[in-house]
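Undergrad: Listed here are the chains, written in short residue letters.
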Amino acid sequence: MLASNTIPGILMTVTFPHKTLPWLLIAPQLLVTLIFFLWPAGQAIEQAFYQEDAFGLSREFVGLENFIELLQDPYYYNSIGVTLVFSLAVAVSGLSIALILATMADRIIRGQMVYQTLLIWPYAVAPALAGVLWWMLFDPAQGPIALWLEYMGIEWNHYVDGGDAMILVVIAATWKQISYNFLFFLAGLQAIPRSLIEAAAIDGAGPVRRFWDIVFPLLSPTAFFLLVMNIVYAFFETFGVIDATTAGGPGQSTKILVYKVYEDGFVGLDLGGSAAQSVILMMIVGLMTVVQFRFIERKVQY
Amino acid sequence: MQKRKLSALLLGATIASSGFAATDIEWWHAMGGALGEKVNSIVADYNASQDAYNVKAVYKGNYTETMTSAIAAFRAKQQPELVQVFEVGTASMMAAEGAIYPVHQLMRDSGQAFDGDKYLSAVTGYYTDNDGQMLSMPFNSSTPVLYYNKAMLAKAGVTPPTTWEEMETVGEKLLASGAKCGFTTAWQSWVHLENMSSRHNEPFATKANGFGGMDTRLAFNSPLQVKHISKMGEWQKNGIFSYSGRRNDGSAKFYSQDCAMYTESSAGYAGITKNAKFDFGVVELPYWAGEVKQPSNTIIGGASLWVLKGHQTEEYRGVASFLSYLSSADVQADWHQFSGYLPITTAAYNLTKGEGFYAKNLGTEIAVQQMTTGTPSENTKGLRLGNFIQIRGMIDEALESVWNGDADAQSALDNAVARGNKLLSKFEKAND
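Sequence order for the protein chains is A and B. Heads up: take any position in the first sequence, counting from 1, add 483, and you land on the numbering used here. Heads up: take any position in the second sequence, counting from 1, add 38, and you land on the numbering used here.
No lab work stands behind these hints: they were computed from the structure. Keep in mind the model is a prediction, meaning the values are calculated, not measured. Heads up, the beta-carbon is just placed ideally off N, CA and C, and yes, glycines get one too. Each hint should be verified, as a subset may be incorrect.
Quick partial rundown of chain A residues pointing at chain B, CB under 10 Å, derived from the structure [said to hold, decoys possible]: (1) GLN526; (2) PHE550; (3) ASP622; (4) GLN625; (5) VAL643; (6) ASP644; (7) ALA674; (8) ARG677; (9) SER678; (10) GLU681; (11) GLY734; (12) SER736; (13) VAL750; (14) LEU752; (15) ASP753; (16) GLY755.
Looking at chain B on its own, in the form it has when it is part of the complex (with noise of 0.2 Å):
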């Protein structure tokens, strides 16, 4: 009985659905648990708000699974319409030029109103051809930011570092109040060489990172990475950063607060509003102010949507009003209120200060500003680097001998400099 009510409403839903006779876009996404639901509110509310598109969200993964399984597809003839790639996967998919839609052409084939100076241009450098015209829709974007413990600092008696200067003495008085390691953190290879460069202006790799043509190689070697690294390396013996592992396991060293600070992501504050037992803040990312007298703006990290070839026109217009929908003010603000992860335009930022959001929750703002620092310039912009997801590995390889000693940081550096930059010239020339 209960089985027959059942098939009875699947049918009637059947029919209903195809009575419209609205158009399915498949997009494939990675953002699980909390975020993975938020995906599908958004999703069910554009769902609502027309009825000639049937946007269906499909959950594929982590970053890394989610692009492979969508360029598997591709080589199926099976690939989505839509699919979110992390920003280390974004030099890869530019250059398949035969298997994308660029995202402005997309709208203007579609008819739908595109206006690309509307985003900040902090975040959709990372997405944009060398015209300034964006071949893919930002949607997560992050920034690492300096989280720390109030009551260790205050029982060590100092204020949080904006330096890297300072962080050795605040470390220092860390240590010497009682806490175990001074700071820890997540995505090293983001935080300390990638973002580091940025800050100071200086380059990660030849040709404008790489945004300057597949000529590009890397140059991460440079006495300012070499210094700070060899830095690193030095307080991880001392205790003032303790090393723990690759992506961001460096939480739970804060949430057991036997590290006062962490560096990590800005899309990881939800994570420790949930799992901190204790009063935390953010600050912005130190710098060294031995090096620079303004830091720069640091860069994203995050994923961005796009669209795949061989589809028919119709469904090219429903991600085109889908896209358009996803970058309302409205949808996000609530997006980027919700999970930590910038806003991409510029109303929805003036909207959720607006409501007073940030003010509300001190912190919120601070990965904001860090990103919107002055105009970015060449070295600041982004990163557009083939193989990178292998050449992120390298230097994580590279770190792991400096934090235990096999290697010092110039060795180290140099040896991943030389290994990634194989890896790039073997990418221009599988690309020319």
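Extracted from the complex, chain A is given alone in its bound form (with noise of 0.2 Å):
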């Protein structure tokens, strides 16, 4: 029952006689980002602050020391430069192919579910397995894309060469992430009025100028949406296509951020000098997501 501090005719609140009950409703959401956000990034701050050893049997206060040494380290810049290069070609390329596969799968009559469940297929396959499935097809002794290439007279190598290693990762993360994409962009697509499409077409607007002064500015919210979600994905979540093909190779070429706390972490069992790569990447998501709301979404059309 709602009870409501009400002076007739000015303005009606409403409030809930129960004080526990919203509580309760978002008890399940707060234990889990306590439990699996909050809590562990603040063992990780904590972390950040120590020098141990890999058993848990000594432990050190060093105070800055951690991070004095990652910030005067230059294969740290090198890693946020690689990271910078590979989320940046996944998103673009991620977004821009989805777009193109959306509006022409918007525009097919004939079989379009039959499509549009073909496009989705790679997003249900595990971003490890998507790593191995590329780095076969590009194997350069047996992989048929690298014979074809052979063939067309381009070298290819990826475990010499960091620019085709790049490029591998880069299209093995994007092929998984334009599903995903797709699905949003084509949901932004269909909720376009046609009305406006038909009425600008009768102007005499042709496809591509409908497409950028109509249907593109429409799309400008989902777009932001995907540019936001897929420098995440790119950031935290291709840690497996990486960890199943390059593991960082080759030199440091393919290291990204996240690659490097796992590696300095979980296999360099450094604890306190891992977990203050964590907390930068965790300052750095969290500046960039501001950044791209305060700037980016300026010129996004609600």
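Work from the hints to combine the two standalone chains into their complex.
TA: Dropping the structure here:
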């Protein structure tokens, strides 16, 4: 039952008589956030100020030493650079290819469901499998694509060439993400009123003009949402792709930040250094999200 | 109906096992596939051979994953009694004095007959402390050798190279005869730096490769290693060498007969036998004849078994009994012949020889002979470096920069040494 404090005719506020019910209702979500985000994040922040042996037998407070060491390490900056190149490449190619596919799928009348289903499939593939799949297709010794490239006179060897390796992981990571983007773009396209497009067509606007002046602006909220999601995806969820294929190599050419966190922490057992990296990574992504919302969102038309 | 039968069976099994009150012992290992099945059968045989203890073998993923999960379990006080740790994790385990139960001490405390001299010193040397006491039980050890494709070498009219000098001429002739590449490699750091160094009796790191103290520093940027790596960089350009990945991805090029030769672990024998659709041979890892008259022994790779602290005396008795069983000549010889890993005791080696195994399977003895050449010196006993897993990663990166022409051998190795030394001093600081 709702009780209302009303001053008739002026305003009406509704309050709930139970103080506990709303808390109970959001409790599951709060609990999940607390256990799976805040608690580990807090531990990471604490850990970042300590140096500890792997077995947890001794622990020493070192203040900011872990951070200072990172910020003096040229390889860390290299990893930041690699991450930026990788994420931009994944986000830009993922978004543009998905948009092209979605506009095409939107036009198809016959067998639309078949195309849509086929395009959504790769999303169900685990990142590590997606990585291995492309890894094998491009294998310099026996991969069909690599052999075809060789036939075309293009030398391909992702074991040695950093550029090739980067292209490969970008393809594998993008391929999976295209499905996700495609779904949202298609839904966005189908929400655009036909009447707007038809009106423009009657006024003499060609398909290209109609796309850029009507469809694209109306899609911009979707595109913005996807941009944020894709960057987050490229930063964090591509771990499986990298781990199953290049493991960060050759050299340092595909060592993205999240992979470096894993490698230093779980393989190298340098818990303090790895925790410091996680903290910085958390700050970078937080910062990027703020920047995206402040500057890019302004251009979005809802 | 079916279900009820099954649960009755399960119940029966539980009662039966609790009736004997056998002490459970958990062993975490990293042996997948055929090796994993072999491990299970060894454990089943042991369990059937007595009824006081029941060993449970648990597959925990690859070496890194197994070690990491054991460490995480230790922190959560859920550690197994026994865990298999690869050789690069050795220094980390040794430094964790509060976490490990040295094998020689365990054997003494549990009253098991144990004589460190019965083991092949080239194998156990890696796992003994400075007083020669065994800290962990070697289980699967291997060493790099050179595999070659008989038909391809015959076509080029050459015999397999015993020295790296010969490798150059053999490689050129192979390329001239139409081969796509001379040789490829697996585990580049292990084969072409770590074993390269020991084969020429040169230090990989100071302080007897780390055996002499935690203040050890890397030394693999000396003229010998620089010469070898820069030669390999040259070969990568002209096709005598073809790099194909950090692990054993190179097998693909050897199987497809793109590459005529392949430097890989002796434990790769079973896989090559299964996959190579051609006649292949095995010879010792080449050396630079211009650098040494007589090559020294190579060092091992693979893993050993570590006992973790925090369990009951009775459980440790079981571990000791199981380890004795594992190192018995029969079990060892069987494991060695099945897997291609080295035998860890002289008795197992002699038994295998006596059975005529080496005569029937040509090439399987090469690794043992190469390992046991001469008496190990401080440069060839093994490597004991903290944070070695990460250092290997740095070496991989440095070598790749040579293969793709980004850096010359000297600067790449200098760079890897400098980066690795930072980790060594970090390790020294964390464990002093």
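Undergrad: Hints first: check each against the structure and report whether it holds.
TA: Hint by hint, here is what the structure shows:
1. GLN526: A:GLN526 check fails; min Cβ-Cβ to chain B is 12 Å, beyond 10 Å.
2. PHE550: 15 Å, violated
3. ASP622: Given a least distance of 7 Å, the restraint on A:ASP622 holds.
4. GLN625: This hint holds: A:GLN625 lies near chain B, its Cβ roughly 6 Å from the closest one there, short of 10 Å.
5. VAL643: At 5 Å from the nearest chain B Cβ, A:VAL643 passes the 10 Å test, so the hint holds.
6. ASP644: Hint on A:ASP644: holds, closest Cβ of chain B at ~6 Å, below 10 Å.
7. ALA674: For A:ALA674, the interface hint is violated, since the closest Cβ of chain B sits about 46 Å away, which is over 10 Å.
8. ARG677: 53 Å, violated
9. SER678: Violated, about 57 Å.
10. GLU681: With a minimum Cβ separation of about 56 Å from chain B (threshold 10 Å), the hint on A:GLU681 is violated.
11. GLY734: 5 Å, holds
12. SER736: Interface hint status for A:SER736: holds (9 Å vs cutoff 10 Å).
13. VAL750: 5 Å, holds
14. LEU752: 7 Å, holds
15. ASP753: 7 Å, holds
16. GLY755: 9 Å, holds
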